[in-house]
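*Asks:* Chains as they are written, first to last, in my numbering: chain R, 1 to 111; chain D, 1 to 118.
Hints are not guaranteed to be accurate.
[Unchecked claim] Below, in silico cross-link-like pairs of lysine-lysine (PhoX-like), each with a Cα-Cα straight-line distance of 25 Å or less:
1. D:57 - D:11
2. R:2 - R:45
3. R:42 - R:98
4. D:57 - D:17
5. R:45 - R:79
6. R:110 - R:42
7. R:45 - D:57
8. D:11 - R:42
9. R:79 - R:110
10. R:110 - R:2
11. R:45 - D:11
12. R:2 - R:79
13. R:45 - R:110
14. D:57 - R:98
15. R:2 - D:57
[To be verified] With beta-carbon atoms standing in for the labels, derived distance ranges:
16. R:45 - D:39: 18 to 24 Å
17. R:77 - D:83: 43 to 49 Å
18. R:28 - D:12: 40 to 46 Å
19. D:73 - R:56: 33 to 39 Å
No lab work stands behind these hints, which were simulated from the structure alone.
Beta carbons: idealized from backbone N, C-alpha and C, even for Gly.
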Amino acid sequence: RKEVEQDPGPFNVPEGATVAFNCTYSNSASQSFFWYRQDCRKEPKLLMSVYSSGNEDGRFTAQLNRASQYISLLIRDSKLSDSATYLCVVNGRTGGFKTIFGAGTRLFVKA
Amino acid sequence: GAGVSQSPSNKVTEKGKDVELRCDPISGHTALYWYRQSLGQGLEFLIYFQGNSAPDKSGLPSDRFSAERTGGSVSTLTIQRTQQEDSAVYLCASSPGQGHVSYNSPLHFGNGTRLTVT
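Between the sequences and the hints, there should be enough to build the whole structure, so can you do that?
*Replies:* Here's what the structure looks like:
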């Protein structure tokens, strides 16, 4: 089993749609969680951190469920510019520190 | 300030040659990571440096791969006797924080080095 698993993609949605990405992680000792965005042939960039209380940044909402070891990202009112790969990222500290990236979920938003 | 800088941006080499990839992290960042990304794939963790601690080398795929970080700043990833399967984008990232705090810090990536082994 992979340490961080994400929904298989790609997701194809029309502009204005709401889309949700899910992510599960296997290491219960994981300490912090993030969503990154990666555009084609570019480096990943931080989208937002994920907190247990849930957090929102404009059209983006991230949630964490530690009991279920589950992370989600919700994008409301999708824009064409949201088309990218979304990476779930987990930081842990078991037997040495490691930042693990999920394989990513590709999103295509179409007009 | 300046972001993470990697060089070269592109490298084409013949199978069997050695290559060195360089990463200049953001000034003051104590944590430095190397990842590899093959076309259409996710990021593969290679190695992690944190301050003066021994690096976490658990992701290095073979003994042909090595990395060092001099003076807690610049890092070099070396691949000896390159193989075609080494072709990928090699990404370096740094983050602030010291010791146990670093895991709460997001990563800042460089633009990567695209390595092609012919």
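*Asks:* Could you run down the list of hints and mark each one as holding or not?
*Replies:* Against the structure, the hints:
Under the criterion of a C-alpha separation no larger than 25 Å, the hint pairing residue 57 of chain D with residue 11 of chain D is consistent with the structure, at around 23 Å. For the hint linking residue 2 of chain R to residue 45 of chain R, the alpha-carbon distance of about 22 Å falls within 25 Å, and the restraint holds. Distance restraint check for residue 42 of chain R and residue 98 of chain R: the Cα-Cα separation of roughly 22 Å lies within the 25 Å cut-off, and the hinted pair is therefore satisfied. For the proposed pair residue 57 of chain D and residue 17 of chain D, the alpha carbon gap of about 22 Å is at most 25 Å, so the pair holds.
A distance of roughly 18 Å separates the Cα atoms of residue 45 of chain R and residue 79 of chain R; the hinted pair therefore holds under the 25 Å criterion. Between residue 110 of chain R and residue 42 of chain R the CA atoms are separated by roughly 21 Å; this keeps the pair inside 25 Å, and the hint holds. Of the supplied pair hints, the one linking residue 45 of chain R and residue 57 of chain D holds, its CA atoms being roughly 24 Å apart against a limit of 25 Å. Between the alpha carbons of residue 11 of chain D and residue 42 of chain R the distance comes to roughly 16 Å, so the proposed pair stays at or under 25 Å and holds.
With a CA separation close to 8 Å, the supplied pair residue 79 of chain R and residue 110 of chain R stays within the 25 Å bound. With a C-alpha separation of about 31 Å, the suggested pair residue 110 of chain R and residue 2 of chain R falls outside the 25 Å cut-off, and the hint is violated. Proximity of residue 45 of chain R to residue 11 of chain D is assessed by CA-CA distance (about 23 Å); at most 25 Å being required, the pair is judged to hold. A distance of roughly 31 Å separates the Cα atoms of residue 2 of chain R and residue 79 of chain R; the hinted pair therefore is violated under the 25 Å criterion.
Taken as a hint, the residue 45 of chain R and residue 110 of chain R pair is honoured in the structure, with Cα atoms around 22 Å apart against an allowance of 25 Å. Among the hinted pairs, residue 57 of chain D with residue 98 of chain R is consistent with the structure: their alpha-carbon atoms are about 10 Å apart, no more than 25 Å. Restraint check for residue 2 of chain R and residue 57 of chain D: satisfied, since their Cα atoms lie roughly 19 Å apart, inside the 25 Å limit. Restraint check, residue 45 of chain R to residue 39 of chain D: a C-beta distance of roughly 19 Å satisfies the suggested window 18 to 24 Å.
Distance hint check: the CB atoms of residue 77 of chain R and residue 83 of chain D are about 46 Å apart, consistent with the given range 43 to 49 Å. About 44 Å separates the C-beta atoms of residue 28 of chain R and residue 12 of chain D, a value consistent with the hinted range of 40 to 46 Å. Judged by the Cβ atoms, the range 33 to 39 Å given for residue 73 of chain D and residue 56 of chain R holds: they are separated by roughly 37 Å.
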